[in-house]
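FYI, the working numbering numbers position 35 of the sequence shown as 35, with every residue one higher than the one before it.
The hints are simulated quantities; they were obtained by calculation from the structure and are not laboratory data.
Treat the hints loosely; a few may be bogus.
Unchecked claim - Here are the computed distance ranges between Cβ atoms for each label pair: (1) GLU157 / LYS39: 33 to 41 Å; (2) GLU87 / ASN42: 50 to 58 Å; (3) ASN195 / TYR139: 25 to 33 Å; (4) ASN207 / VAL238: 15 to 23 Å; (5) LEU26 / PHE217: 36 to 44 Å.
Said to hold, decoys possible - Straight-line Cα separation of at most 20 Å, EDC-like style, residue types lysine to aspartate or glutamate; simulated pairs: (6) LYS162 / ASP142; (7) LYS81 / ASP70; (8) LYS39 / GLU6; (9) LYS16 / ASP70; (10) LYS126 / ASP38; (11) LYS126 / ASP161; (12) LYS81 / ASP226; (13) LYS162 / GLU87; (14) LYS35 / GLU4.
Positions of the beta carbon are idealized from the N, C-alpha and C atoms, including for glycine.
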Amino acid sequence: MAREEEIISIVSKNKKIEVNQLAELLNVSRVTIRKDLDKLENRGILHRQHGFAVLNNQDDLNYRLAYNYDLKRKIAREAAKLINNGETVMIESGSTCALLAEELAFNKNDVTIITNSCFIASYIRKAESVKVILLGGEYQKDSQVNVGPLVKKVITEFRIDKLFVGIDGFDAQRGFTGSNINRCDTANAMMTVANQTIVLTDSSKFNQMGVVSGFSFEDISKIYTDNGISEAHAKFLVEKKIELVTV
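Based on the provided sequences and hints, a complete structural model is requested.
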């Protein structure tokens with residue numbers, strides 16, 4: 001694991017930790033750890049507060065990006081193997097989806113990403129070899145995503161092979177769930193122009209239940225998650241004819 005990823009993992013567990021203690025845990029100088037924290041702060045993942053490294057507010061997308069960061073990073077890297085140079089993909093909002101976009105933007109050539117996530121567009125803005133098409137609509141400030149009828153209208157102009165989406169929860173009766181009805185509605189509209197819809201999620205989401213129905217099991221062709229998923233959940237998904245990839 002790279003040192004920056006170790007920092008994120010440690011701060012995620014502690015929520016708040018002294019910078020000096022962080023340097024001791026990683027056996028590096030305080031100067032080195034401050035440089036690492038500067039990079040992470042510039043990316044919006046962490047911030048410093050009176051000698052401490054602190055996670056962002058829980059309602060902030062950057063906080064969700066930092067939570068289980070190392071697992072989400074592995075999931076994103078594995079999912080990126082599906083994408084070839086020169087391919088066009090659609091990516092919905094979410095923390096693991098943002099890491100997939102980053103992986104494609106900086107490690108693939110001439111990939112085009114269609115997204116409704118302003119966060120993703122900003123997150124990968126410095127990548128030179130990626131083209132981003134941002135779908136406009138009603139802007140949700142907390143999730144930094146565009147939703148609503150304008151997005152749905154523009155989506156109909158596209159036809160793509162792969163759509164990558166995140167989820168907020170799982171329900172054996174209702175399928176995959178979300179926490180916001182407008183975001184779920186927009187994600188479903190995006191699904192109508194994709195040949196296959198692929199879920200990216202860390203395994204903790206299988207122990208949560210979102211308030212809004214998002215996708216039925218028949219809607220999803222493949223799921224990328226970590227090996228923390230329970231045997232019962234894994235068996236259930238396979239029985240629903242969903243290809244399951246764990247890292």
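Against the structure, the hints come out as follows:
Between GLU157 and LYS39 the beta carbons are some 38 Å apart, a value that agrees with the proposed interval 33 to 41 Å. For the pair GLU87 and ASN42, the beta carbons lie near 29 Å from each other, so the given range of 50 to 58 Å is not met. A C-beta distance of roughly 29 Å is found between ASN195 and TYR139, which places it inside the suggested range of 25 to 33 Å. Separation of ASN207 from VAL238 is about 18 Å and conforms to the stated range, judged on CB atoms against 15 to 23 Å.
Between LEU26 and PHE217 the beta carbons are some 42 Å apart, a value that agrees with the proposed interval 36 to 44 Å. The straight-line distance between the Cα atoms of LYS162 and ASP142 is roughly 26 Å, outside the 20 Å bound, and the hint therefore fails. For the hint linking LYS81 to ASP70, the alpha-carbon distance of about 18 Å falls within 20 Å, and the restraint holds. Proximity of LYS39 to GLU6 is assessed by CA-CA distance (about 14 Å); at most 20 Å being required, the pair is judged to hold.
Taken as a hint, the LYS16 and ASP70 pair is honoured in the structure, with Cα atoms around 18 Å apart against an allowance of 20 Å. For the given pair, LYS126 sits about 17 Å from ASP38 by alpha-carbon distance, which is consistent with the 20 Å threshold. With a C-alpha separation of about 26 Å, the suggested pair LYS126 and ASP161 falls outside the 20 Å cut-off, and the hint is violated. Restraint check for LYS81 and ASP226: the C-alpha separation of about 16 Å stays at or below 20 Å, so the hint holds.
Simply put, LYS162 and GLU87 have alpha-carbon atoms about 10 Å apart, close enough for the 20 Å limit, and the pair holds. Restraint check for LYS35 and GLU4: the C-alpha separation of about 10 Å stays at or below 20 Å, so the hint holds.
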